[in-house]
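Chains as they are written, first to last, in my numbering: chain A, 349 to 746; chain B, 349 to 746.
Quick caveat, the hints were computed from the structure, so don't treat them as lab data. One or more of the hints may lead you astray.
Heads up, the list lumps identical chains together, so a pair's fine if it works in one copy or across two of them.
Derived lysine to any residue pairs resembling SDA-like cross-links, with alpha carbons at most 25 Å apart [stated by the list, open to error]:
1. 459 <-> 604
2. 459 <-> 596
3. 459 <-> 599
4. 459 <-> 527
5. 382 <-> 627
6. 459 <-> 699
7. 382 <-> 400
8. 459 <-> 603
9. 382 <-> 527
What you are looking at is a predicted structure, and each value in this text was computed from that prediction instead of being measured.
Number of protein chains: 2
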Amino acid sequence: MSDPFATTRDLFELPEGLIYMVGNSLGAMPRGVKPRMAAMLNEEWGAQLVAGWNGAGWFDLPRRLGDRIGAMLGAPPGSVMVADSTTLNTFKLLVAALRLAPGRRVILSDKGNFPTDLYVAQGLAGMLGQGHRLETVAPEALEGAIGADVGVLLVTEVDYSTGRRHDVPALVTRARAHGVPVVLDLCHSAGALPVDLTALGVEFAVGCGYKYLNGGPGAPSYAYVRPDLQADFASPLWGWMGHAAPFDFAPDYRPAEGINRLRVGTPPIVSMTALDAALDVWAGVDMAMVRTRSLAMSDAMIAAVAADCPGLELLTPRDHAARGSQVCFRFEHAYAAIRALMAEGVHGDFRAPHTMRFGLTPLYVSVAEAEEAGRRIARVINRRAWDRPEYHARTAVT
Amino acid sequence: MSDPFATTRDLFELPEGLIYMVGNSLGAMPRGVKPRMAAMLNEEWGAQLVAGWNGAGWFDLPRRLGDRIGAMLGAPPGSVMVADSTTLNTFKLLVAALRLAPGRRVILSDKGNFPTDLYVAQGLAGMLGQGHRLETVAPEALEGAIGADVGVLLVTEVDYSTGRRHDVPALVTRARAHGVPVVLDLCHSAGALPVDLTALGVEFAVGCGYKYLNGGPGAPSYAYVRPDLQADFASPLWGWMGHAAPFDFAPDYRPAEGINRLRVGTPPIVSMTALDAALDVWAGVDMAMVRTRSLAMSDAMIAAVAADCPGLELLTPRDHAARGSQVCFRFEHAYAAIRALMAEGVHGDFRAPHTMRFGLTPLYVSVAEAEEAGRRIARVINRRAWDRPEYHARTAVT
Numbered sequence: 349m350s351d352p353f354a355t356t357r358d359l360f361e362l363p364e365g366l367i368y369m370v371g372n373s374l375g376a377m378p379r380g381v382k383p384r385m386a387a388m389l390n391e392e393w394g395a396q397l398v399a400g401w402n403g404a405g406w407f408d409l410p411r412r413l414g415d416r417i418g419a420m421l422g423a424p425p426g427s428v429m430v431a432d433s434t435t436l437n438t439f440k441l442l443v444a445a446l447r448l449a450p451g452r453r454v455i456l457s458d459k460g461n462f463p464t465d466l467y468v469a470q471g472l473a474g475m476l477g478q479g480h481r482l483e484t485v486a487p488e489a490l491e492g493a494i495g496a497d498v499g500v501l502l503v504t505e506v507d508y509s510t511g512r513r514h515d516v517p518a519l520v521t522r523a524r525a526h527g528v529p530v531v532l533d534l535c536h537s538a539g540a541l542p543v544d545l546t547a548l549g550v551e552f553a554v555g556c557g558y559k560y561l562n563g564g565p566g567a568p569s570y571a572y573v574r575p576d577l578q579a580d581f582a583s584p585l586w587g588w589m590g591h592a593a594p595f596d597f598a599p600d601y602r603p604a605e606g607i608n609r610l611r612v613g614t615p616p617i618v619s620m621t622a623l624d625a626a627l628d629v630w631a632g633v634d635m636a637m638v639r640t641r642s643l644a645m646s647d648a649m650i651a652a653v654a655a656d657c658p659g660l661e662l663l664t665p666r667d668h669a670a671r672g673s674q675v676c677f678r679f680e681h682a683y684a685a686i687r688a689l690m691a692e693g694v695h696g697d698f699r700a701p702h703t704m705r706f707g708l709t710p711l712y713v714s715v716a717e718a719e720e721a722g723r724r725i726a727r728v729i730n731r732r733a734w735d736r737p738e739y740h741a742r743t744a745v746t
Numbered sequence: 349m350s351d352p353f354a355t356t357r358d359l360f361e362l363p364e365g366l367i368y369m370v371g372n373s374l375g376a377m378p379r380g381v382k383p384r385m386a387a388m389l390n391e392e393w394g395a396q397l398v399a400g401w402n403g404a405g406w407f408d409l410p411r412r413l414g415d416r417i418g419a420m421l422g423a424p425p426g427s428v429m430v431a432d433s434t435t436l437n438t439f440k441l442l443v444a445a446l447r448l449a450p451g452r453r454v455i456l457s458d459k460g461n462f463p464t465d466l467y468v469a470q471g472l473a474g475m476l477g478q479g480h481r482l483e484t485v486a487p488e489a490l491e492g493a494i495g496a497d498v499g500v501l502l503v504t505e506v507d508y509s510t511g512r513r514h515d516v517p518a519l520v521t522r523a524r525a526h527g528v529p530v531v532l533d534l535c536h537s538a539g540a541l542p543v544d545l546t547a548l549g550v551e552f553a554v555g556c557g558y559k560y561l562n563g564g565p566g567a568p569s570y571a572y573v574r575p576d577l578q579a580d581f582a583s584p585l586w587g588w589m590g591h592a593a594p595f596d597f598a599p600d601y602r603p604a605e606g607i608n609r610l611r612v613g614t615p616p617i618v619s620m621t622a623l624d625a626a627l628d629v630w631a632g633v634d635m636a637m638v639r640t641r642s643l644a645m646s647d648a649m650i651a652a653v654a655a656d657c658p659g660l661e662l663l664t665p666r667d668h669a670a671r672g673s674q675v676c677f678r679f680e681h682a683y684a685a686i687r688a689l690m691a692e693g694v695h696g697d698f699r700a701p702h703t704m705r706f707g708l709t710p711l712y713v714s715v716a717e718a719e720e721a722g723r724r725i726a727r728v729i730n731r732r733a734w735d736r737p738e739y740h741a742r743t744a745v746t
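Taking the hints into account, I'd like the entire structure generated from these sequences.
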């Protein structure tokens, strides 16, 4: 059988000799972005000017992009919109979810959730001023904490700092039993492992465009609303692009149908065009095979580190079902070690205070490279390659 | 004296033979955007990958852009941030303004304000659920409506549909007398006429990047917070980029200092890079000369239409002080006339139900072209060039 990923790597621009394992923070650049961006500037903005809103399809781009991403997530056409940032879409969806369970004041999440999800929930709770509060529990305790006082469950499938993967079907089952709507954050899932929103049955989902979807730095976010909820769905952020008839310039807001209500202001077409081009790499890609390869990569990396440096603490679950598409280790000098690894041709990232994190992106990194990265990680630790003053100096933002 | 605008036109990509008068909707593309975008893709995202957040300065780009725009608006460094859309920034600033006048429930604006400003205020009022409401009056009645019950004055300096310009200093004086904070929308001001936020003394301001700033379709928005308010300023939209220490990944939100609180999620760097490149055209441009030329353009256009087609109703004030940088006419068949004008090489736009709108952008359109556009407008009306079935068929979104 031929390797289905033999050709996908060539779709990406990657510096020679680098094993890039931060695709879970910023995906590598698909080669198709450059010609598409040049065409957008030459043939759309430069040539059509404002007529590009219709002529080049800019006006409908957020929804077209939503449908493209939705097709990767088991979401039917018209149920996903691309707009704004993950944080802002989470705000919209949390408000919508709380409306489904009136009187309930708890936004439930777990301490492993990405901080921006927690922050936006805290800000929303304060703004509502009706006793709403964010409650967070340990990831393992999340399922048990779902009860009748919970107004919304806000959960990220894969933990950004450990690679731990929640049992989302189990969470959804319990949430449903207690009448709790779910906002599912797929930032570390979409493009990394199979997702079937229809099968899961969650009410809402959200995610970003710049990790495994490779849409470029700060690429716009997508948000999903379950089809049966769209008639009554309401976002609190009212803007002209979410109006039923934006070009009537009517004095009062009248929400557009369904998913279009997630639109707020004028969409950032330049960034969206990069994301649109980036999505082309998924043509013909089978997400089940992506998952198989991702697990082979993490297994190989974990095994290589365990063989050569058995003392390095693995933070990522060994159980396949509980693992996303990244491998994390705890190391006292994680920051310096990540910098030393850069000198060894492995790009991972540091998460405070002591985490070494490696994202696995099957489309452009191979199992052999993941194994080789594991060997180099072990070598950097074993040889104390990290123990140089320049690797400890923190001059950068991240 | 040499024409200071003789060279600025060459900085823009414009189709041959077109008189482009929709720069107040989407600015023409500065030529510098293309090489900058190619460099961003090749040397930043493509080569540095995630390290571009520091190495290419992406993390600080929103604030650097804010300072660049602030310098055009009389705002000191650190008082302007680029983030999200105009609508979303207006939401943040309205909440911040209402906090300054506790107990007051009225968001005051005028019926000439751009609808998205009104919609976001309506959505906010509903969300707060404490009796807040948007009140709108006729533009001429706005100053008189400012009273002690008003929690915030939301005003756009130049009316998008008529080109009428408010007397902002008079509004601010009365607002101050009644303790009313002001959110000033500069969408049709920035890059079109002199603005001095420091001299005006308004508390907050907001605007978009894609009109006279030429940042590309849906270019990100900017928002200003008066320096003395920044210590206590609070945005209700809490995200990790607005945290005091985003890379600590702390469980609780702690707002960053000052203007950084306007940041929410991960910024759309691709769109922001286009805006950054676009701002280069302003080097050495004197806004007073831009204003002089803009008024000469509108005068010439109005005079040409009046001479050849005296019956066409002018919606834009004849008084210079009350005029922005656009000219609008009322015509029963405005939609068809705008389409007929396209065939005559003049690109204007239609605003429902009966407005023909022409934006004046001194950097890349000349006084002679504005006059010539006026002649062609008159000709299209006089010769009933608009009266063809294909010009009446409304197939497009706008």
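Against the structure, the hints come out as follows:
1. 459 <-> 604: Result: close only across copies, 21 Å inter versus 36 Å intra.
2. 459 <-> 596: Between copies only: 14 Å across, 46 Å inside.
3. 459 <-> 599: Answer is between: at 7 Å across copies they meet the 25 Å cutoff, but 43 Å inside does not.
4. 459 <-> 527: within (22 Å within a copy, 43 Å between copies)
5. 382 <-> 627: Answer is both: 13 Å inside a copy and 22 Å across each meet the 25 Å cutoff.
6. 459 <-> 699: within (15 Å within a copy, 50 Å between copies)
7. 382 <-> 400: both (19 Å within a copy, 17 Å between copies)
8. 459 <-> 603: Answer is between; shortest inter-copy Cα gap is 19 Å, intra-copy 35 Å.
9. 382 <-> 527: Result: close neither inside a copy nor across copies, 47 Å intra and 52 Å inter.
The structure is inconsistent with hint 9 alone, although it conforms to all the rest.
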